[in-house]
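Here is how the chains run, residue by residue.
There are 2 protein chains.
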Amino acid sequence: MSRVWKIGVAGLGTVGGGLLQFLAERPGFAPAGGQAVVTAVSARSRTRPRPVDISGLAWFDDPVALAVSPDIDIFVELIGGSDGPAKAAVEAALKAGKPVVTANKALIAEHGAALAVLAEAADVPLLFEAAVMGGTPAVKMLREAMVGDDVAGVAGILNGTCNFILSEMEQRGASFADVLAEAQRMGYAEADPTMDIGGFDAAHKVTIMAALAFGCAPNFAAAEIEGIDQVDLLDIRLARDLGYRIRLIASADRTPDGVAVRVHPSLVAQGHPLAETRGALNALFIEGTRIGRIFIQGPGAGAGPTAAAAADIADVMTGARRPVFQAPAVGLKPFVAVAPTRRVGKAYLRMLVKDQAGVIAAVSETLAECGVSIDSFMQKPVEDAGGVPIVLTTHAIAESVLTDAINRIEKLPAVLERPRLLRIARI
Amino acid sequence: MSRVWKIGVAGLGTVGGGLLQFLAERPGFAPAGGQAVVTAVSARSRTRPRPVDISGLAWFDDPVALAVSPDIDIFVELIGGSDGPAKAAVEAALKAGKPVVTANKALIAEHGAALAVLAEAADVPLLFEAAVMGGTPAVKMLREAMVGDDVAGVAGILNGTCNFILSEMEQRGASFADVLAEAQRMGYAEADPTMDIGGFDAAHKVTIMAALAFGCAPNFAAAEIEGIDQVDLLDIRLARDLGYRIRLIASADRTPDGVAVRVHPSLVAQGHPLAETRGALNALFIEGTRIGRIFIQGPGAGAGPTAAAAADIADVMTGARRPVFQAPAVGLKPFVAVAPTRRVGKAYLRMLVKDQAGVIAAVSETLAECGVSIDSFMQKPVEDAGGVPIVLTTHAIAESVLTDAINRIEKLPAVLERPRLLRIARI
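Quick mapping for you: the protein sequence lines, in order, are chains A and B.
Just so we're aligned: the first sequence equals residues 1 to 427 in this note's numbering.
Just so we're aligned: the second sequence equals residues 1 to 427 in this note's numbering.
Be aware that one or more of the hints could be misleading.
Chain B regions said to be covered by chain A (calculated; three or more residues, Cβ under 8 Å) [claimed, not checked]:
1) 128-138
2) 144-157
3) 292-298
4) 305-312
5) 319-330
Source of the hints: derived by calculation from the structure; they are not laboratory data.
A virtual CB, placed ideally from N, CA and C, is assigned to each residue, including glycine.
Generate the whole structure from the sequences, applying the supplied hints.
The following block contains the structure:
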């Protein structure tokens with residue numbers, strides 16, 4: 001019970017530095033009866049100031065050399081990036097029979113299936129709780145707790161930066177560009193925010209969740225991804241008038257046709273827990289076919305990933321062996337993506353039209369011809385909108401029908417720009 | 001990896017029957033690479049109709065004999081009750097070196113410390129996810145995910161029957177007695193509802209959570225328990241006018257003086273996730289000192305406990321070894337209860353007074369003399385209340401001050417009955 005586990009940490013940014021500090025402050029961090037001690041590190045700069053003195057630790061310029069070092073028992077990868085040194089080091093560690101703990105969502109979403117084969121062949125854990133939802137243990141819930149049920153789907157808010165931006169736009173009436181600039185000044189958004197605001201970060205996370213929930217190989221390439229950079233303040237206001245808030249919803253659903261993994265800015269009814277999830281919070285619904293709906297919510301930023309990585313180290317120390325995803329890696333089902341055109345759902349359509357007679361008639365006639373069944377219709381003058389906004393919500397219809405209608409409405413003479421489509425979340 | 005685990009199940013009620021059915025329908029239930037097969041059962045009646053044919057399974061009249069049978073690898077206890085055959089069988093199984101899975105909250109809350117010593121001495125798991133929050137994995141979160149943080153406290157709604165009754169009273173304006181009778185007819189409440197409505201069930205659950213969160217020995221006897229049987233529809237209405245809903249809040253807090261475990265009907269601000277937790281749902285906040293607040297919510301009834309027991313069986317099959325609570329059983333800290341009089345918090349006080357001049361002056365003077373600092377004050381005529389209700393909320397004050405004030409107000413000539421005290425939840 002008193003075994004010492006030597007930990008090698010590659011990447012000493014916020015999470016890595018925090019982990020070193022946590023383990024240094026807790027000589028008694030021994031949840032499974034052993035002791036976890038960081039003995040070796042690797043990072044880009046050896047001399048950068050850090051929260052913990054690393055002069056007593058073995059130093060590796062090359063994370064791959066650290067990963068295979070006979071002097072470590074667990075390799076912790078906190079370098080980041082789906083390829084390059086992170087991938088090389090994790091592969092090397094697994095091939096050398098070392099358990100791996102990582103916070104790298106891109107790596108797992110893009111190469112998780114192959115890495116799971118390596119881990120299971122070597123009979124060592126590959127854990128990545130820190131990759132999603134900060135300290136809220138979504139991975140553990142899907143991988144371990146839901147084995148007594150079948151997951152029908154998951155849906156939630158997985159990117160704190162996007163949720164912060166959407167919440168601020170809504171509360172302050174500020175534009176996307178203004179709030180983004182402020183978030184960057186405050187350190188809530190990266191200098192290059194593409195991964196976050198483009199929806200790619202949320203897509204990485206929900207791709208991993210689909211594999212954990214459904215036992216399919218993660219297939220990031222099959223995810224349907226739309227970010228928040230095209231969300232207009234006008235739509236946030238109009239959605240509010242209709243009783244909704246706009247949130248970047250990431251979802252994974254098991255359907256008879258395959259698995260649908262999607263990230264879209266979506267309308268969520270006010271009062272719904274996801275609509276009321278504000279700021280940098282993350283939140284997730286897990287729908288079990290027998291248990292029903294479980295909801296989890298927690299900070300998407302802060303000390304969470306550090307705590308999650310520490311919990312993963314503790315899990316390694318328990319000696320537990322389970323598949324990396326919901327089924328053994330060699331038996332993962334292929335992830336058959338559902339064609340976007342086959343999606344059926346409710347939608348929000350917003351047009352900008354000229355202020356002239358007969359426009360509503362022309363629009364409604366086109367919608368009727370296309371077979372779009374309308375749930376609500378609103379024309380509302382808005383200052384500085386550059387036209388008169390017409391907004392409508394539909395009953396559940398096929399996405400192909402909607403696309404056809406949008407293409408035809410765009411061509412009407414009184415319509416000023418391509419109608420804006422937002423999905424209404426089904427959750 | 002293809003090891004067969006022979007499961008013995010004692011108790012074939014809803015959870016036990018459901019578990020047999022689940023495992024029978026899933027020959028592929030092999031999350032950890034093994035196979036779980038029920039081979040032996042014990043129950044009160046051998047001939048009662050069940051969802052699964054048990055004629056092919058070994059039958060034991062005595063659950064203790066099943067628990068020690070050399071033909072089982074895991075003992076699942078679903079008998080219930082803190083003592084008697086459930087306790088005898090679990091003790092026997094652990095002493096015989098069998099891993100134990102149970103849904104028995106009373107057993108773990110009242111005898112968990114001694115059972116943990118037995119389990120850890122035998123180096124076998126003792127798991128009880130099914131004891132709390134149905135299929136929402138609160139035990140796993142506290143035991144496994146929070147090891148990378150320190151839990152400052154937990155607070156939530158842990159009894160679905162009480163939450164159903166309070167929600168119905170609020171929504172339908174019906175009395176406690178009427179809603180309880182209906183809940184019993186519908187099967188939502190037991191024929192003898194004392195464990196639920198008396199707060200004991202919630203207290204068992206939060207006692208277990210305190211041990212998981214703080215690494216103290218579970219000490220049910222130290223819990224402060226108040227049920228919902230004295231919650232008056234009048235208070236639900238007055239609380240609503242003040243912007244609150246009444247919920248049975250179970251909480252465990254780590255304080256400099258010790259651990260405070262409490263169950264009280266409490267006022268929760270409208271819009272707060274616990275106030276919006278309705279019907280038979282369960283919900284819990286976990287406050288990590290570094291991560292921040294995590295919220296989980298899920299059905300408190302239904303197939304959850306069955307799924308949780310199945311997940312526990314899967315956990316046993318992984319070979320994981322960790323302490324039963326947050327620290328090894330021999331090193332659990334004593335659970336030092338905080339004296340109720342030392343509690344400081346905001347409160348709701350409701351009086352019924354005679355409709356005569358000078359009453360408010362007399363009440364406010366007494367409150368001022370006692371040093372009760374008032375936050376809001378409301379006198380409101382209510383039909384059939386048997387007097388005029390005066391309701392006030394206080395700033396945070398010591399419970400001893402409040403008790404003194406209540407004792408003195410009760411003696412005022414114009415006051416018709418002992419003032420009713422409800423806590424305002426701090427969450």
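Status of the hints after comparison with the structure:
1. Proximity of the segment 128-138 of chain B to chain A, defined as three or more residues with a beta carbon under 8 Å from a beta carbon of that chain, is established by the 5 residues found.
2. Residue count for the segment 144-157 of chain B with a Cβ under 8 Å from a Cβ of chain A: 6. That meets the three needed, and the coverage hint holds.
3. With 7 residues bearing a CB less than 8 Å from a CB of chain A, the segment 292-298 of chain B meets the requirement of three and the coverage assertion stands.
4. Here's how the segment 305-312 of chain B fares: 6 of its residues keep a CB closer than 8 Å to some CB of chain A, so the rule of at least three is met and the hint holds.
5. Residues of the segment 319-330 of chain B lying with their CB closer than 8 Å to a CB of chain A number 7, which satisfies the three-residue condition for coverage.
Violated hints are absent here; each numbered hint is respected by the structure.
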